[in-house]
Amino acid sequence: MWKSVLALGLMLCATLGRGEDLTADEIIRKAMDHYRGQTSNAEMSMLIHRPDWQREMSMHAWTEGDKRTLVRVTAPAKDAGNGTLSVDGNMWTYSPKINRVVKVPSSMMSQNWMGSDFSNKDVSKDTDIIDQYDHELVGQYEEQGHQVYVIQSIPHEEAAVVWGKEVLHIRDDWVMLQQQFWDQEDRLVKTLRALEIKEMDGRNVASVIRMGKEEAPEEWTEVRTLQVDFDVDQPENLFTLSNLRNPRE
Amino acid sequence: MKRGSLSVVSTLAWRNLWRNHRRTLIMLLAIAIGVWAMIFMAALMRGMTDEMMRNGLNNLPGEVQIHQANYRDDPSVANSMAPPAGELARELARPPVAAWAARVRVPAVVASERDSRGVTLLGVDPASERAIGSLPGDIQEGRFLEDEHDRGLVIGRKLASRLETALGKRVVLMSQDPQNDIADRGVRVVGIYRARLEGTEDQFVYAGRAAVQEMLGIGDRVSEVAVTAHDYRAVDRWYPQLAAAVGQGLEVAPWTELDSFLASYLSVQDGFSLVFMVVVFLVLSFGLVNTLAMAVFERVREIGLMQALGMPPSLILGQLLLESLYLLGLGLALGNLLALASIRPLESGIDISAVAQGMEMMGMGTTLYPALALTDMAMSTAVVIVLGLLASLLPAWRAARLEPVTALNTTM
Chain A
1 MWKSVLALGL MLCATLGRGE DLTADEIIRK AMDHYRGQTS NAEMSMLIHR PDWQREMSMH
61 AWTEGDKRTL VRVTAPAKDA GNGTLSVDGN MWTYSPKINR VVKVPSSMMS QNWMGSDFSN
121 KDVSKDTDII DQYDHELVGQ YEEQGHQVYV IQSIPHEEAA VVWGKEVLHI RDDWVMLQQQ
181 FWDQEDRLVK TLRALEIKEM DGRNVASVIR MGKEEAPEEW TEVRTLQVDF DVDQPENLFT
241 LSNLRNPRE
Chain B
250 MKRGSLSVVS TLAWRNLWRN HRRTLIMLLA IAIGVWAMIF MAALMRGMTD EMMRNGLNNL
310 PGEVQIHQAN YRDDPSVANS MAPPAGELAR ELARPPVAAW AARVRVPAVV ASERDSRGVT
370 LLGVDPASER AIGSLPGDIQ EGRFLEDEHD RGLVIGRKLA SRLETALGKR VVLMSQDPQN
430 DIADRGVRVV GIYRARLEGT EDQFVYAGRA AVQEMLGIGD RVSEVAVTAH DYRAVDRWYP
490 QLAAAVGQGL EVAPWTELDS FLASYLSVQD GFSLVFMVVV FLVLSFGLVN TLAMAVFERV
550 REIGLMQALG MPPSLILGQL LLESLYLLGL GLALGNLLAL ASIRPLESGI DISAVAQGME
610 MMGMGTTLYP ALALTDMAMS TAVVIVLGLL ASLLPAWRAA RLEPVTALNT TM
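So the sequence lines, in the order shown, correspond to chains A and B.
So in the numbering used here the end of the first sequence lands on 249, straight run, no missing numbers.
So in the numbering used here the end of the second sequence lands on 661, straight run, no missing numbers.
Hints in this document: simulated from the structure, not taken from any laboratory.
There is no bait here: all hints are sound.
In silico DSBU-like links for lysine-lysine, alpha-carbon gap of 30 Å or less:
#, chain 1, residue 1, chain 2, residue 2
1, A, Lys213, A, Lys67
2, B, Lys418, A, Lys213
3, A, Lys213, A, Lys78
4, B, Lys418, A, Lys165
5, A, Lys78, A, Lys67
6, B, Lys418, B, Lys407
7, A, Lys165, B, Lys407
8, A, Lys103, A, Lys78
9, A, Lys103, A, Lys213
10, A, Lys213, B, Lys407
Residues from chain B shown here face chain A by an in silico Cβ test under 8 Å; the list is partial:
#, residue
11, Gly367
12, Ser424
13, Gly435
Using N, Cα and C, we set each Cβ at its ideal position, and we do this for glycine too.
Okay, chain B solo, but in the shape it has when bound (with noise of 0.2 Å):
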């Protein structure tokens, strides 16, 4: 094929694409819907992921936990550790390491005047959690913990209005020693925090960590270590040095095992936006299938002479397909252009409190992120061309196969 001829085929097919315009038109508008329906979706769709992740990720905390053996089937104050040290220390000292934290985590009750509920108890060290990222980010009233040494404590919204209790007031902190017999202190509310889900705000209290360890009497043991390198996607590469640094009766794992189901909704998500819009366009397709069918059935005669006069069927073939990539490429333009203008603004939350209680139980804040990936973008433009061609093929081939005398004499 010649220089000359494709760009009288293409001029052709841009100037067959106008001669009805109010269908080319009409066309257009069809795909730039689907295209911006596929990326509105996939962006909401990425939105609930990463909310899911990274709420499933801070509640954890961090992407790889160390634990005693059995302290994940029983997560109790006997099943504790001693802090990081020797080998491990060093371990977590170095890249791709970004922070770590130890903390003490067990089941406890917290009592006020008028109720007690039962609550997971995080000693902590403020420095160090922050260092993770997983110290809750809303103090709605008072302060957080200073020191590893506070001897105040930081409950949730939802749990302080469950108590019945407020900033200031003393509460009973209540757990167990490693003897099993009960261990439990005064406490007063220094700071009460706001979580994106209620349900993180009623199960997390957060006390000082020497403080907990105090009155447990474990000495300097904790419960885990959470460690973090800042990229989920990654951690595979890096736990298993880890793993093979911690001594005897210790337990390693990454967050994908810690939180199964979390890891399998992230790897199921990017094919489902794949269905998604593959399911789109195949609504799409028959409406642009039978533009271009009615476009070759309207100009079979004119086909028929452009043969006669000694086109090749490559030609028409090429001809009518470029004329669909026109039409696919305007209208993904217009599509993506629609997507950004419309997911943009959107990005800082939908209000989605209505349905708050639903999105919960999947672990969803009140607040929809959509998220505008590049990805997404790109997969629903490949999916639009490649199937799109694929699509205008059938009439293309047809007008392509054409006998140019009984085109000619074809009569509308």
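So that you can see chain A by itself, here it is in the shape it has in the complex (with noise of 0.2 Å):
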């Protein structure tokens, strides 16, 4: 999700141009193209929000491309160390206190990740949407003096993907500023917003980003991006299962 908030975020609007009669899919495409093969380094924090509790977590989180993240806890003390790697659509954790590097069976894919409101699969696997669904332009509007793109992305009739269509605002500095998550028959099911964009790194980032089902407003998990660098030289061995366990950096 941190690969969310980048393909969020990831802003890019200065280098490419404004394109009026872009078609829904080279918007996408453009927006992803860009953020391919880039290489982040970002602190985050991660908020996870009930009715009756709520909790907070720091991370440190490393991307490369869309197939390669590591994310691993700074704090609190008690998950500390907890690292997550994802490497072409596979998952692993691993747990300092059992020592153990665990794949993630594709069984629990679908459940939450770290018990916040994102899937072990919306981790994992969220630039599934380039080629797995049909992209179409569906509306435009203005907001602070940017255009926003409205493409409704259905997938393929056989992706691996439960909802029955996405629906993207895009602006046209191509900050994602909100991911719908629709089921098959219509009903909106959870939303990701961005909640705040700011300039990091010399771009423009959705630095807040929020999961929240509609169902249950009171439950939502707040992402948000502290201090990122953009196209930072990365070891070799960073994705790597070795590293996941042993830290070198």
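With the hints in hand, could you dock these two chains into one complex?
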């Protein structure tokens, strides 16, 4: 989901032409193309909110392109050191308490990630949307001087996606303002929203995003990007199981 | 004993039986109800056993299964086997094997927008599955798979409601390929079936075999071959020849081994009915002994007179035993008729949905189908006659041993 942050946040308005006549595919593809191949290194915090409790975690995330991600929890102390590695849609977790790397089995991919409102699948396969869906530009509107494209994405018949459709609101500087998940009866199930957009390391980023279920408005997870560096040099072995187990950085 | 004396004795026995007709009728009623209870309970128990066997064998399915040797310990896709070929295929093609089906059976997860559930994914070839009778019989909505290349999914009614999905909607099927990587695909629900057990509806989902093999990347390999000869009791006679025909690394197991609980339950059941019948009869026998003892007590002088007139003790014994045999025979006839009359109309099923959850734990559905078996009727008849005569032996023996002079001088 740190990738969602980037995918969401990914920004790049300046370099790409503001295309009034871009197709939906091009809008998504350009955003993703830009974001692919990028490396990033971010400090984040995640706030899980429930009606009667909430908790916060700090974490460090590294990404490379859309297929490789590593996240390590830094606080609170009892969770510190927990790590998640995702490479090519597969996912492994590491817990220092048991000193074991565990591969997340397919049966757990739709369960939540570290108790948040993101599923393991959201975390490891969030860029599937590019080629697993058919995209259509269904509207545009103006907001704070920006053009916002509304794109409706319908998954392919055999795509491993449960949603009936997703609706993306992408600003013309390629910040994703909203990602809505609709079920197959056209009811909105959950929404990922950008709550704050900020310039970080030279780019506009959705620095606070919130995932919330429509049926339970009091339950949401907020991810805040505190600090991020793009296009950083990363060691070769960053996205490996041995690094997941024995951090070297 | 001459023919003439036998007919005299049987006439005497029959008339004596109706001298105190009220007492005889009460005893008759007691025997009839006892016999009815034995047969009725046996029919209910047999119905339960049959149901458990049916459900059990349908879930297995087949009476014999062939697996890769490690599959039963770890039913993962890695422990798959090549489809039957060569000698095994020849063995499967000839009697007594009636039908067989090769299927992919792996743990999987079905996810909808709202929930996800662990299931057992069955990749089947509908034609051969139909032949072994393992497919859900009741498709509530939509259709079943058309052939092994069908890319749809058939799920149970309970699973559909748990996932909050419905006919025609897409769900995601997830499992693991032999390299432990995730294999997943979106599939459309083309049919919703109803099973007799909710647990079945929740557990099994059906997809085309070829489509599942493609998703898992296992070529034409399968997880199990289910074989049936349509007679689960005879399985021990023919499965060894299959076992001899399979190659290295494969394992052939009959249902008695695959589901040892079912097997032991079946063997316990017959013994259990007998025990039950004997217990019911023991209660009855006190009444029977009492009736006969009274009959003897009332007729001490009469018996003494018969003896004085020259009737040998054996005939007196025979007369009293005949009396009790008449009583038992009449009671049995009445009880059996009563059982027939009460079970026949119930054979279409007794609704026990009020206690369905408890019964499910025993592998039973919401309807109980009593099964009237001739063996149960024969067994109860045998129990009643044998034990009945044994019980009446004591008073009859005492009557036969009476001293004529003492008996004649007894005053009532």
